[in-house]
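Asks: Below are the chains, spelled out letter by letter.
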Amino acid sequence: MSDIASRVKAIIVEKLGVDEGEVTPEASFTNDLGADSLDTVELIMEFEKEFNVAIPDDQAETISTVGQAITYLEKNVK
Amino acid sequence: MELKRVVVTGLGALTPIGKTVPEYWEGLVNGVSGAAPMTRFDTEKFKTKFACEVKNFVAEDYLEKKEARKLDPFVQYALVSTEEAVKDAGLDFTKLNTNRIGVIWGAGIGGLKTFLDEIMTFAKGDGTPRLNPFFIPKMIIDIAPGHISMKYGLRGPNFSCVSACASSTNALIDAYTYIKLGRADMIVSGGSEAILNEAGIGGFNAMHALSTRNDDPKTASRPFDKDRDGFVAGEGAGTIILEELEHAKARGAKIYAEIVGGGMSADANHITAPHPEGLGAKLVMQSALDDAGMKTTDIDYINVHGTSTPLGDISETTAIVNLFGEHAYKLNISSTKSMTGHLLGAAGAIESIACILAIQNGIIPPTINHFTDDPAIDQKLNLTFNKAQKRDIKVALSNTFGFGGHNASVIFKKYED
Numbered sequence: 233m234s235d236i237a238s239r240v241k242a243i244i245v246e247k248l249g250v251d252e253g254e255v256t257p258e259a260s261f262t263n264d265l266g267a268d269s270l271d272t273v274e275l276i277m278e279f280e281k282e283f284n285v286a287i288p289d290d291q292a293e294t295i296s297t298v299g300q301a302i303t304y305l306e307k308n309v310k
Numbered sequence: 002m003e004l005k006r007v008v009v010t011g012l013g014a015l016t017p018i019g020k021t022v023p024e025y026w027e028g029l030v031n032g033v034s035g036a037a038p039m040t041r042f043d044t045e046k047f048k049t050k051f052a053c054e055v056k057n058f059v060a061e062d063y064l065e066k067k068e069a070r071k072l073d074p075f076v077q078y079a080l081v082s083t084e085e086a087v088k089d090a091g092l093d094f095t096k097l098n099t100n101r102i103g104v105i106w107g108a109g110i111g112g113l114k115t116f117l118d119e120i121m122t123f124a125k126g127d128g129t130p131r132l133n134p135f136f137i138p139k140m141i142i143d144i145a146p147g148h149i150s151m152k153y154g155l156r157g158p159n160f161s162c163v164s165a166c167a168s169s170t171n172a173l174i175d176a177y178t179y180i181k182l183g184r185a186d187m188i189v190s191g192g193s194e195a196i197l198n199e200a201g202i203g204g205f206n207a208m209h210a211l212s213t214r215n216d217d218p219k220t221a222s223r224p225f226d227k228d229r230d231g232f233v234a235g236e237g238a239g240t241i242i243l244e245e246l247e248h249a250k251a252r253g254a255k256i257y258a259e260i261v262g263g264g265m266s267a268d269a270n271h272i273t274a275p276h277p278e279g280l281g282a283k284l285v286m287q288s289a290l291d292d293a294g295m296k297t298t299d300i301d302y303i304n305v306h307g308t309s310t311p312l313g314d315i316s317e318t319t320a321i322v323n324l325f326g327e328h329a330y331k332l333n334i335s336s337t338k339s340m341t342g343h344l345l346g347a348a349g350a351i352e353s354i355a356c357i358l359a360i361q362n363g364i365i366p367p368t369i370n371h372f373t374d375d376p377a378i379d380q381k382l383n384l385t386f387n388k389a390q391k392r393d394i395k396v397a398l399s400n401t402f403g404f405g406g407h408n409a410s411v412i413f414k415k416y417e418d
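Residue numbers (the working numbering), protein chains in the order written: chain A, 233 to 310; chain B, 2 to 418.
The reader is advised that the hints may include incorrect statements.
What follows is a list of derived Cβ distance ranges for each label pair [stated by the list, open to error]:
no.: 1; chain 1: A; residue 1: Ala286; chain 2: B; residue 2: Pro311; range: 53 to 63 Å
no.: 2; chain 1: B; residue 1: Lys88; chain 2: A; residue 2: Ala286; range: 43 to 53 Å
no.: 3; chain 1: B; residue 1: Ala251; chain 2: A; residue 2: Val245; range: 23 to 33 Å
In silico DMTMM-like pairs for lysine to aspartate or glutamate, Cα to Cα no more than 20 Å straight-line [unchecked claim]:
no.: 4; chain 1: B; residue 1: Lys67; chain 2: A; residue 2: Asp264
no.: 5; chain 1: B; residue 1: Lys152; chain 2: B; residue 2: Glu24
no.: 6; chain 1: B; residue 1: Lys67; chain 2: A; residue 2: Asp235
no.: 7; chain 1: B; residue 1: Lys67; chain 2: A; residue 2: Glu246
no.: 8; chain 1: B; residue 1: Lys66; chain 2: A; residue 2: Glu274
no.: 9; chain 1: B; residue 1: Lys125; chain 2: A; residue 2: Glu280
no.: 10; chain 1: B; residue 1: Lys67; chain 2: A; residue 2: Glu254
no.: 11; chain 1: A; residue 1: Lys247; chain 2: B; residue 2: Asp118
no.: 12; chain 1: B; residue 1: Lys67; chain 2: A; residue 2: Glu278
no.: 13; chain 1: B; residue 1: Lys67; chain 2: A; residue 2: Asp251
no.: 14; chain 1: B; residue 1: Lys125; chain 2: A; residue 2: Glu274
no.: 15; chain 1: B; residue 1: Lys67; chain 2: A; residue 2: Glu252
no.: 16; chain 1: B; residue 1: Lys415; chain 2: B; residue 2: Asp89
no.: 17; chain 1: B; residue 1: Lys125; chain 2: A; residue 2: Glu278
no.: 18; chain 1: B; residue 1: Lys255; chain 2: B; residue 2: Asp93
no.: 19; chain 1: B; residue 1: Lys66; chain 2: A; residue 2: Glu246
no.: 20; chain 1: A; residue 1: Lys310; chain 2: A; residue 2: Asp235
no.: 21; chain 1: B; residue 1: Lys66; chain 2: A; residue 2: Glu252
no.: 22; chain 1: A; residue 1: Lys247; chain 2: B; residue 2: Asp62
no.: 23; chain 1: A; residue 1: Lys281; chain 2: B; residue 2: Asp127
no.: 24; chain 1: B; residue 1: Lys66; chain 2: A; residue 2: Glu254
no.: 25; chain 1: B; residue 1: Lys66; chain 2: A; residue 2: Asp251
no.: 26; chain 1: B; residue 1: Lys227; chain 2: B; residue 2: Asp379
no.: 27; chain 1: B; residue 1: Lys152; chain 2: A; residue 2: Asp268
no.: 28; chain 1: A; residue 1: Lys247; chain 2: B; residue 2: Glu119
no.: 29; chain 1: A; residue 1: Lys281; chain 2: B; residue 2: Asp379
no.: 30; chain 1: A; residue 1: Lys247; chain 2: B; residue 2: Glu61
no.: 31; chain 1: B; residue 1: Lys125; chain 2: A; residue 2: Glu282
no.: 32; chain 1: A; residue 1: Lys281; chain 2: B; residue 2: Asp118
no.: 33; chain 1: B; residue 1: Lys67; chain 2: A; residue 2: Glu274
no.: 34; chain 1: B; residue 1: Lys66; chain 2: A; residue 2: Asp268
no.: 35; chain 1: B; residue 1: Lys66; chain 2: A; residue 2: Asp264
no.: 36; chain 1: B; residue 1: Lys66; chain 2: A; residue 2: Glu278
no.: 37; chain 1: A; residue 1: Lys247; chain 2: B; residue 2: Glu68
no.: 38; chain 1: A; residue 1: Lys247; chain 2: B; residue 2: Asp127
Since the hints were made in silico from the structure, they are not lab data.
Backbone N, C-alpha and C fix where the C-beta goes; we use that ideal spot for every residue, glycine too.
Assemble the whole structure, with the sequences as input and the hints as a guide.
Replies: This is the structure:
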């Protein structure tokens, strides 16, 4: 697992209060991990803070699973 | 229209002198002070270095970690005291019409800690508003009754009352009135407050409102004492379940007392100073008596606002003497803030609980920390100094007054069929 992937998972575990085992690449924040719309916004902000990137709103809307978050960050984090 | 009778069927308390109703009452009758050096933040640069904190409160002991993180302490406290009250009242909401059960809550300030933390984060940034999406819904005062309704599925009237230190009394009066008018069968009422942080203490210090007796916190809250020097900030929550009498009887509920009147008035005088002759205080007690259809001589006990400020204590006792006349000297009067500190928006809730338990137990909790008489306070009044007194109490009145000149009083009566 990449460094980015493990940091993403740690944030999700902390913010959504879920078990690490549930945080699979296919897991959807809202459908599988119990996030509501505000939780999702908070997650995106935490990713921005952790990785020092700005994720524009139109991009943020395309990130709805753990895997999508990891892929996006691996591409955009320098 | 036939007006309904309204009774108290459940109590919950999270206070600086006890984290449940039985512990709170034991603290009250034994004259325990909840004041101690502040543990929540570094007070080195603050004029006041102590407060009445809820001791060793760990939110995760009561709430799921994920849930607790999204709640300001004033909402965490509200949920904790309400859970105790719901259990105490023996409520099974699956068997009740929850469309007829509401939540009317009081808080004077609301999520100050959340506000402080978010604005500090913003101030440290580059001006980009990277505010947490939970900032607003964690902070707003009405979110406390909102969360209570969501936890128990209560779909009746739901809102908060805001009148500074009178907030939870206003909430109780609203709850009582709606049930009396037949608009609800039951209302979860009360209040909570959590301002023991840099903004809360710094703000009240700037007003010179707080005691600075840092060398002896336990005696700092000394209502009616000559050397009182301001109030002691407290925090916590109190929940009172109000229920329509026939509804309570039908489910075989335990009945603590009946709520029979609520009074409201304004000083129309000054943002923080009380009216010098206690005009608003006199009006609000009269208003509560009128609502209850009672005479001054019906009252046995007054749990006063009595915050231990130099001006407030004089104006309130003056108002009592002016309104009650000779009967003023037959009353028991006490300020339980001498023990709990001032819970601001939650004061009315926990002090109403003190009145209800005083009626039930036949004991008047004391005004502790009395050392020196103040010539400006009528010494013929029985201010229940230092030790609890036994007394058969039929009717008790609780006063609360808030910055802005808001006054609210509520009257509880021993329940008789």
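Asks: Between B/Lys66 and A/Asp268, does the CA-CA distance stay at or below 20 Å?
Replies: Satisfied, since the Cα-Cα distance of roughly 16 Å is no more than 20 Å.
Asks: So if I understand the rule, the pair passes when the alpha-carbon distance is 20 Å or less; does B/Lys67 with A/Glu274 pass?
Replies: holds (13 Å)
Asks: Please work out if A/Lys247 and B/Glu61 have their alpha carbons no farther apart than 20 Å.
Replies: holds (15 Å)
Asks: Given the proposed pairing of B/Lys67 with A/Glu254, does the C-alpha separation stay at or below 20 Å?
Replies: holds (15 Å)
Asks: Just to be careful, I want the Cα atoms of B/Lys66 and A/Asp264 compared with a cutoff of 20 Å; is the pair within it?
Replies: holds (19 Å)
Asks: Could you grab the alpha-carbon distance between B/Lys66 and A/Glu278 and see if it respects the 20 Å cut-off?
Replies: holds (18 Å)
Asks: B/Lys66 and A/Glu246: Cα distance at most 20 Å?
Replies: The hint holds at about 10 Å.
Asks: Holds or violated: B/Lys125 and A/Glu280, Cα atoms, limit 20 Å.
Replies: With Cα atoms ~16 Å apart, B/Lys125 and A/Glu280 stay inside 20 Å; holds.
Asks: Assess, step by step, whether the Cα of A/Lys310 is no farther than 20 Å from the Cα of A/Asp235, and give holds or violated.
Replies: holds (13 Å)
Asks: Is the Cα-Cα distance between A/Lys247 and B/Glu119 20 Å or less?
Replies: holds (17 Å)
Asks: Given the hint that B/Lys125 pairs with A/Glu282, does the C-alpha gap stay at or below 20 Å?
Replies: The given pair, whose Cα atoms are some 16 Å apart, holds under the 20 Å limit.
Asks: Assess, step by step, whether the Cα of B/Lys67 is no farther than 20 Å from the Cα of A/Glu246, and give holds or violated.
Replies: holds (8 Å)
Violated hints, listed in ascending order, are 3, 5, 6, 29, 38; each of the other numbered hints is respected by the structure.
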